[in-house]
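Starting from two chains that each stand alone, build the complex the way the hints lay out.
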Amino acid sequence: MGTLPGKKFVWLKAEMVSDLDAQTLRINPKYGKLLELSSDSKVEATYKNFTLLAKVELSDALAAGKVQMNKKHSANVPEGTAVLLMKYEKK
Amino acid sequence: MKILIIGGTGAIGSGIAKELIKEKDVNRVQISARHIEKARQLEKELGEKVSVLQLDATEANQLAKAIKGVDVVINCGGPAYKIAIPIVKTVVKEGVNYIDLMDDPDPMMKVLENAELNKAAKKAGITVIVGSGLTPGLSNMLAKYGANKLDKVERIDVSWVFTSVSATGAGAAISEHMFNVMDKGWTYKNRKWVEIQPLVDGKDTQDFLELGKLDVYDIGHPEPIMLPHYVKGVDTVTCKAGMLPPEMLQLYRILSQLRLFGLVPIEVKGGTVMSREFLMKHLAHVPSETWVKLFKLDELEPVFELRVAVAGEKDREKTSYIYNFADVSHETATCIPTALGALLLGRKEVKNKGLFAPEGCLDPDSYIKKVVEKGVVLYETVQGKRELFKP
Chain S
72 MGTLPGKKFV WLKAEMVSDL DAQTLRINPK YGKLLELSSD SKVEATYKNF TLLAKVELSD
132 ALAAGKVQMN KKHSANVPEG TAVLLMKYEK K
Chain H
14 MKILIIGGTG AIGSGIAKEL IKEKDVNRVQ ISARHIEKAR QLEKELGEKV SVLQLDATEA
74 NQLAKAIKGV DVVINCGGPA YKIAIPIVKT VVKEGVNYID LMDDPDPMMK VLENAELNKA
134 AKKAGITVIV GSGLTPGLSN MLAKYGANKL DKVERIDVSW VFTSVSATGA GAAISEHMFN
194 VMDKGWTYKN RKWVEIQPLV DGKDTQDFLE LGKLDVYDIG HPEPIMLPHY VKGVDTVTCK
254 AGMLPPEMLQ LYRILSQLRL FGLVPIEVKG GTVMSREFLM KHLAHVPSET WVKLFKLDEL
314 EPVFELRVAV AGEKDREKTS YIYNFADVSH ETATCIPTAL GALLLGRKEV KNKGLFAPEG
374 CLDPDSYIKK VVEKGVVLYE TVQGKRELFK P
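Going down the list, the protein sequences come from chains S and H.
Under the numbering used here, the first residue of the first sequence carries the number 72, and numbering increases by one thereafter.
Under the numbering used here, the first residue of the second sequence carries the number 14, and numbering increases by one thereafter.
Chain H on its own, in the form it takes in the complex (with noise of 0.2 Å):
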């Protein structure tokens, strides 16, 4: 099996060739970058079976040509809003299996809702997956398993928290992506999407498997769009985070607010400047002291967690299962969905052919079990009662 990972050099990229490269069927592993130095390095480190290529993925026809041959192309570049669709339109037009990270909404709403495209794949005979990492992506199959578990389907919440140490670190498409989703989104209401406020909307108090009960607010993540096209009769579906210091939120909050992470041209000295990329360059370089000190990153540990909560009624009684995940970090946990998704594509164990998020076209209970197998310590809650995850 040969697989092309787009923006493969990041943190989750060559996570994921780590994982492929553990599996017997995986010939080869090819991490393409814009710039080739540090995807050198990675071909050194991992060994023989991961080749590199220079590709700008967002050029047509260079991609068109990256992918000849290849079993599956797994899409780790971002921010997805910037240059997602472009490529799911390439690799369908060339009928090559397909996987990403997908987290942004707008891009997602475009996609799920292109009969054109979906049409597209099902006669190339192929299989593309949008938002299948950590969140979305394991997010919305452990929701998938415990809406299946149910009846009737009422809610879905899904949220997750981190503290600031857990969040240094990003590169520039992760930033961009997180201020995307700080600025706009929407969220699933009485069967409806209703646009949002980022961190000032649907402020809930949740609790949290290492940080206990904490107040989390809606941000634009994508579950809330994907979600209600394959949990028949879902009424609600939220998407939420909560951060830790509360400094932090508020900031982001008052930056929100302001519109800044928005892409709102701004007037200077007879030039244009967007107010997100502006964030952008400026906060790149502020000193890490100064986020010590905003932050507390000398007080707190480094945790991420995430939480599904699925609600309803199973033999006319109210039910409710909800999952939790935590560790330092979202990225091992975004690299193993990633990686097994590829692997059932590449082995065609997919029979679903079109344009899916994964709760569309793979199994929730292998698929879970899967996850699990590969070293994702999951919890889930059966009325009020919590128990180590073990599907």
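Excised from the complex, chain S in its bound form (with noise of 0.2 Å):
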């Protein structure tokens, strides 16, 4: 039950991987469902001053409690922080 007033959000820790372009994100369905995120949807992903926004891939391989991103964003994210996720809305 909702107890945590706000918009919804969730922090996962971020995994570098080359397989992704920079402007997608990699997550487990299960934050798909939980965020409402459908196949158009972006997200905002926030870490510190940094801020992306980006489409997300749903795969059931990729372990809970992570966000996969191409590894040109190491230099903003270090590798195993968590990083702020949300659904993006235009303002």
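Worth flagging that the hints you see were computed from the coordinates, not collected in a lab.
Do not take every clue at face value.
What follows is a set of in silico ranges between Cβ atoms, one per label pair, in the way DEER data are often shown [what the hints assert, rightly or not]:
| hint | chain 1 | residue 1 | chain 2 | residue 2 | range |
| --- | --- | --- | --- | --- | --- |
| 1 | S | 95 | H | 203 | 57 to 63 Å |
| 2 | H | 64 | S | 95 | 31 to 37 Å |
| 3 | S | 92 | H | 400 | 42 to 48 Å |
| 4 | H | 226 | S | 121 | 50 to 56 Å |
| 5 | H | 312 | S | 95 | 21 to 27 Å |
| 6 | H | 126 | S | 121 | 29 to 35 Å |
Note that the structure is predicted; figures quoted are calculated from it, not measured.
Backbone N, C-alpha and C define an ideal beta-carbon position, used for all residues, glycine too.
Right, dumping it as structure tokens:
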């Protein structure tokens, strides 16, 4: 039951990979369901002052608790740190 | 069939609308909201069957005008303890079928014990179903389903548990409701309603599908108010809650014991602040980084679980039936039963007229079968053996 007010969000630990383009993130489908993401939804991924607006790829093969991103982002997001993910909504 | 959803722009209201527009005999789903902008976005997203309406449903005249020509009103607005009773009174007066998600115990008690309102609903030839989401709602129907298989029902124990990760994104109405049920409530013990201290009384360790064995405590949800009206001879009905991480439960327990979830007026510099309202305002501005640290949001998976246990006698043997449900949140399994109840009302398949909890007017066998067909995955444990539930 919702007890934490505000927008839905998750914090997932970053894993850098090379088989994703820089504007796509890969997450487990259970987070897609939780954040109510459809196939054309975008998410906002934030770590400190770095924000990435990205498409989402859902993969059962990816363990819960992780988000995979292109290793180009490792300068902004240290491997293994938690990144805030929210569904992107036009302001 | 024309259906009006009050408070239709939240996750639950829009989820119900999505369920309803799949049905051929639903011609129009009208989504009402106090603030029209979000509703307009939904109208665009959901297509031609959906239209929007600016409405303050607590204003009887506005609501009466809005429900003319409507077959079923679904009330997803909240919190129930603030808005449900005036809305129920208006739909009864206007003679329109109604279903809601009433999840606070106080209005539930007031509605189910209101003989005059029940008589008026019967006279109007309508059915009013209160508390028909997941919990209460499907929880009650599962309890009734299990109870019907027993010769004598001794106790019904409803419980739900969730992780902090599944608890983010609460709108103001849901937070207010949760603060209400963590402030006060009742359990049904030895055929009497007894006041409880939420998250303190009634400790039990129960077995859940994904989260395993967890401690749960009494919470002020309405199942203990509802089920004794419809399950003959039941001795005890409880509703309990558990949370992970334990720090989350501990924080809410302390806030509850300090009565900060209550509507307690506090004098501050010549003005008055209500403790619950202060908490609502304050917590809405706590940064998500703080929740991560406090409630281990980066360590847990999103899980919401419901468990309904029914115990008694069958053929003079002690027998129990346990029903379990688990998902990433409660939302899908709240929307499906509510939409189903509305469809049954709109199709005139509910023969009982008057004012009921769902287990008082819907057939549990066919209802649960349809809920499962629509995608809610349930497990049944009979005498210790758990299997996928195929009603």
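Going down the list of hints, with the structure as the test:
Residue 95 of chain S and residue 203 of chain H have their C-beta atoms about 59 Å apart, which keeps the hinted 57 to 63 Å range intact. In this structure the supplied range 31 to 37 Å holds for residue 64 of chain H paired with residue 95 of chain S, their Cβ-Cβ distance being about 36 Å. A beta carbon spacing of about 44 Å between residue 92 of chain S and residue 400 of chain H agrees with the range 42 to 48 Å that was offered as a hint. Against the hinted window of 50 to 56 Å, the Cβ-Cβ separation of residue 226 of chain H and residue 121 of chain S comes to about 41 Å, which falls outside the hint.
As the Cβ distance of residue 312 of chain H to residue 95 of chain S is approximately 25 Å, the hint placing it in 21 to 27 Å holds. The hint said 29 to 35 Å for the Cβ distance between residue 126 of chain H and residue 121 of chain S, and at roughly 57 Å that hint is violated.
Of the hints listed earlier, those the structure fails to meet are numbers 4 and 6, in rising order.
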